[in-house]
Every structure is written in C-alpha cells, then in structure tokens.
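Trainee: So the chains spell out like this:
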Amino acid sequence: MKIDRIIDRTYYWIDDNARRTSLALARKLSRRNFLSRLGMFIAGAASFPLLPVARSFAQDSVLEVGDPQSCDYWRYCAMSGTLCTCCGGTYSSCPPGSEASPITWVGTCTNPVDGRAYLMSYNDCCGKAVCSRCGCHNTEGDKPVYFNSNSSTVLWCFGTENTSYHCTVSLVLGTQDETE
Amino acid sequence: MRIISKLALGLLLVVPAAFGQIPPEEIYVESMPERGENWFIGTTGNGGYIFDATTGEMHGMLSLSRYTPAVTHYWPRQEFYAAESYLSRGVRGDRTDIVAIYDYENLRPIAEIEIPNHMARLQVRSHLGLTNNGRHLAVLNMNPGHSVSIVDLEDRVFVYEASTPGCAVIMPIADNDFMQVCGDGTLQLIQLDISGFEENRVRSDVFFNVIEDAVFDRVASSANGWWLVTHRGVIFHASTDDDEIIISDGWKPHLEGEEAWQPGGRNEIIAAHHDTGLIYIAMHEGPIDTHHEPGTEIWVIDSNLQRRVGRIPMDPPANSIMVTQEAEPKLLVNDSQGGNHVYNALTFNKERSIQIPDATHFEDF
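Chains as they are written, first to last, in numbering that gives the first Met the number 0: chain A, 0 to 179; chain B, 0 to 364.
A hint or two may mislead.
Not close to chain B: a few residues of chain A, all C-beta gaps over 12 Å, as computed [said to hold, decoys possible]:
| no. | residue |
| --- | --- |
| 1 | Val-64 |
| 2 | Gln-68 |
| 3 | Cys-85 |
Quick partial rundown of chain B residues pointing at chain A, CB under 7 Å, derived from the structure [claimed, not checked]:
| no. | residue |
| --- | --- |
| 4 | Val-90 |
| 5 | Val-209 |
| 6 | Asp-216 |
| 7 | His-291 |
| 8 | Arg-310 |
By construction, these hints were calculated from the structure, which means they are not laboratory data. Just so it is clear, CB atoms sit at the ideal spot from N, CA and C, and this is done for glycine as well.
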C-alpha cells in the first residue's frame with residue numbers, strides 16, 4: 000500500500016510540474032517566437048547533409064575487386080556464416096522473402112584497390128531456413144561472445160519478425176580514416 | 000497340369016506348417032541400461048547421442064531442438080536438462096524457449112519450463128550451467144544484450160532473468176553460484192539465494208585485455224574452479240572463496256621458439272581432468288586472429304607442474320575436445336572433417352573412431 004501511495008504522489012508531482020511549466024511558457028512566449036524557432040529548426044535540418052557524417056556516405060561508391068561469391072573477397076575479412084551472394088542476394092542485399100536484421104556485428108577490412116580500411120557491418124538475413132551455400136568463416140578482429148559487437152559467433156537475427164538465420168551480407172559503413 | 004496343381008496344393012499345406020514352428024517376433028522398446036564408465040553425449044543439431052567411449056556403442060538419443068546450446072544432467076535425480084528453442088512453423092512463427100527435462104530410463108521429456116525467448120541459441124557447452132547443488136539451471140541469453148535465465152529444477156519454475164551486461168559464459172562454482180567472463184577483462188561472480196534470486200554480485204580485478212589478448216569464451220572445469228585460456232595461450236585458474244574471486248597468475252606452457260603456437264578450434268578448445276590436473280588444449284601454429292583454426296596438435300599440460308607433458312598430433316585437425324572424469328579417462332576429439340575419435344587420455348593412444356553425424360561438442364556424464 001505504501002508503495003502505491005508513493006507512486007501516486009510521484010505521478011501527481013510530475014503532472015503538476017508539467018502543468019505549471021506549460022503555463023509559464025505560454026505566458027512568456029508569443030506565437031511568433033514559436034514560429035521563428037520552428038523556422039530555425041527547418042533551416043538546420045536542411046543543412047544536416049553538409050555535416051561530415053553525411054558527407055562520408057555521399058562520396059563515390061567503393062571500388063570493388065574480386066569474386067563476391069568467394070570467402071576471400073575483401074569485404075568478408077570478419078565474416079562468419081553463409082554468403083548471401085550465393086543465395087539470391089548480393090553482398091549488400093538479402094535474398095527474396097528474407098528479413099534484414101538491423102542489429103549487426105562489425106569489422107574492419109582493407110580494400111586491396113585503394114588500400115583503405117573500411118568499417119564493415121555484417122547483417123544477417125533472417126526468417127528463412129539456412130541457405131548453407133558458400134560457407135565462410137574469417138576471424139580478423141573477431142572477439143569472444145562476451146564482447147558481442149565484434150563477435151561473429153552469434154546468431155544476429157535480432158529485431159526481425161522471425162529469428163531463424165538464412166545468410167549474411169556485408170555493408171560498408173565508412174572508411175576508418177573518416178570514423179577516426 | 001494335374002501334377003502342378005497337386006504340387007501347389009502340397010506347398011500350400013507345407014509352407015505354413017514350416018513357418019508355424021517359429022514364434023512370431025514382437026517389437027519392443029529398450030530402456031537405458033545402468034550407466035557405465037566413460038559414457039558421454041555427442042551433441043549435434045539433431046540431438047544428444049549417448050555413447051560408451053570404451054566400447055564405442057551407442058545407447059540412446061535425446062531429441063533436442065536444433066538451437067540447443069548444451070545438455071547437462073543431475074545423477075541423483077536421474078534427469079537430463081536441455082535449453083531448447085522452437086519456432087512454431089519451423090523457420091518462422093512464434094518462438095518458444097524452454098528448459099526441457101528428460102528422464103534417464105527412457106530418455107523421454109517429462110517436464111518443460113518456459114523461459115524468456117532470449118536464449119543465445121549457440122551450441123556452446125558453457126551457455127548452460129547447473130549449480131553444484133543441483134537446484135538451479137542458468138541459461139545464457141543474448142537479445143542482443145547479455146542476461147541469464149535462472150530455473151528452479153526442483154520446483155520446475157522459471158525464477159527470474161538476471162541482466163549481465165558485457166558478461167557471458169556460465170561457470171558454476173561453490174554450491175549455488177556461478178562466474179562469468181566479462182568484456183572489461185574481469186570475472187563476475189553471481190551468488191544465488193535458495194530460491195534462485197540474485198543475492199550478491201562481485202567483480203574481480205582486471206586480469207586480461209580483450210583487445211590485446213582475449214580470454215576464450217570456452218572454458219574447462221577443474222577440481223575446485225575453472226581453467227581459462229587466452230587467444231595467445233596464457234592459462235589462468237579461477238576459483239572463489241565465499242564472495243571473493245581468486246584468479247591465479249597467468250602462465251604459458253610453451254617452450255622457447257614455440258611462440259607462434261596458440262589455442263584454436265571451432266568449438267570446445269580446452270578440457271581438463273580433475274583428479275590428475277591434466278589440461279588438454281587444441282593448438283595450432285599461426286598468426287594472431289586465427290583462434291578458430293582447428294588444432295593440428297592437442298597439448299597435454301600438467302597444471303601442477305605448469306609444464307607440457309604431451310603433444311598429440313591431429314590429422315585432420317581438432318575442432319572440439321572433451322575429457323571424461325574417470326580414473327582411466329578418455330579424450331574425445333571432433334575433427335574438422337566431422338570425424339569423432341576416442342583417445343586414451345593418459346597414454347594418448349587412439350583407440351577408436353565413432354560416427355556421430357554433425358557432432359559439435361561433447362558432454363561428460
């Protein structure tokens with residue numbers, strides 16, 4: 000009972016403070032002030048692509064060399080699983096009917112064309128039976144499962160409707176020099 | 000024509016009479032015999048195959064989900080415990096994670112307890128741990144943050160899910176506690192109360208660096224604690240004294256000029272025999288980040304002397320190993336081509352090969 004009373008009082012305190020703050024703001028600020036701030040926000044949003052993060056994604060596409068269906072392909076330096084390139088997808092797209100997991104592990108691979116180190120994201124494609132073609136297991140920078148952001152030995156079908164593993168893709172997130 | 004018909008009639012009378020002398024066989028179902036020495040379970044994506052390592056004979060099978068990390072047993076109750084995960088339509092549909100209980104006599108499921116659908120779903124022995132008092136089962140979760148589901152096996156109920164950020168692996172210790180390896184280079188001790196709720200949580204000092212030389216997430220139990228090994232082959236022993244975590248100084252079994260040799264394999268790369276203190280590690284020669292390369296040799300190390308006492312060549316190389324705890328122990332090896340082999344763990348001689356389809360690792364029992 001005591002806990003219920005404490006919770007009720009806390010809610011009352013939050014409501015009361017929100018009401019007072021809203022009233023105070025309404026008294027101090029005019030409608031024009033609100034509109035001017037909204038304008039500033041829109042102008043700021045328009046300039047967002049000029050920021051360094053967005054510019055790094057806007058640069059030319061990555062130069063590719065090698066066979067994306069081979070485990071030796073440069074993007075797969077920290078890859079573990081079945082290559083989606085052999086299963087109806089590409090190195091950056093899931094095969095038809097599967098679901099792309101938004102939660103991934105990462106690695107850093109060197110592109111032999113330009114010698115630059117790229118930050119890679121390995122996304123599992125999920126919701127179908129395991130494809131089992133072109134198995135690939137590389138461990139550059141791989142860490143144990145307790146350090147899971149860099150662990151390939153994990154089923155990464157999180158945040159998908161169905162959690163069965165189908166295959167894995169490898170996306171470039173940026174170059175290492177840009178992320179430093 | 001008359002002769003043929005007479006002959007046919009004669010045969011009709013004779014043949015049934017001949018068969019009538021043999022009693023018809025009836026189908027029946029075996030039950031498990033008394034457990035023998037050096038029995039083990041070969042864990043696969045299909046279930047647990049129960050074998051006698053001495054004879055190579057299979058005695059039965061536990062049907063388990065393909066996502067089962069491991070299966071363990073508690074002999075006083077004559078039961079097996081497995082964490083399992085099922086999707087209602089095979090590869091899609093509603094997911095249900097459970098702890099399933101099987102009886103020893105018939106290897107049949109006798110109870111199941113639903114747990115949160117967060118199980119890590121990797122075939123790793125240390126993702127499942129039975130507390131030494133036999134009361135609680137800890138199941139490792141990844142969602143993707145780490146946590147542990149605790150199940151009370153006596154009362155057959157799920158107790159609670161303990162959040163364990165940055166820590167994985169389950170190493171039962173003392174009566175009702177377990178340790179974990181953490182990404183910040185420490186060990187974590189979680190002590191449970193009699194109901195299975197967390198009573199106390201302790202962190203050790205930092206003793207390794209995950210970037211420079213990570214401790215493997217595969218471990219081996221000792222007589223009073225756990226053996227840990229790093230990617231470069233440094234061995235540590237961890238134990239507890241009440242709520243204190245005790246970690247030995249690290250040491251390497253390498254001789255001069257052997258620096259390139261390091262542990263590796265796709266699954267269980269370390270095993271230990273409690274009574275003799277012998278440690279077995281799958282080793283290969285290679286650069287950094289080859290920690291999943293299978294072992295071209297198994298090094299046998301006397302932990303009392305901190306010295307290597309044997310090298311067992313492996314061809315094909317070893318992916319997963321386990322040693323039984325009997326006085327005449329067997330070393331079990333799963334090789335990189337899917338073969339499974341039994342060695343005398345004290346003489347290091349190979350005794351036999353056993354077919355266990357798609358085995359990933361072994362459980363002693």
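Trainee: So, for every hint listed, does it hold in this structure?
Mentor: Hints, verified against the model:
1. For Val-64(A), the requirement that its beta carbon stay farther than 12 Å from each beta carbon of chain B is met, with the minimum near 22 Å.
2. Distance check on Gln-68(A): its Cβ is at least 21 Å (rounded) from any Cβ of chain B, clearing the 12 Å threshold; non-interface status holds.
3. The beta carbon of Cys-85(A) is kept farther than 12 Å from every beta carbon of chain B, the shortest such distance being approximately 18 Å.
4. With 7 Å as the threshold, the beta carbon of Val-90(B) comes within range of chain A, its nearest partner Cβ sitting at about 4 Å, so the hint holds.
5. Hint status for Val-209(B): holds, given a least beta-carbon distance of 5 Å to chain A, under 7 Å.
6. The interface hint given for Asp-216(B) is met, as the beta carbon of that residue sits about 4 Å from the closest beta carbon of chain A, less than 7 Å.
7. Hint status for His-291(B): holds, given a least beta-carbon distance of 5 Å to chain A, under 7 Å.
8. Interface restraint check: Arg-310(B) against chain A, minimum CB-CB distance 24 Å, threshold 7 Å, status violated.
The structure is inconsistent with hint 8 alone, although it conforms to all the rest.
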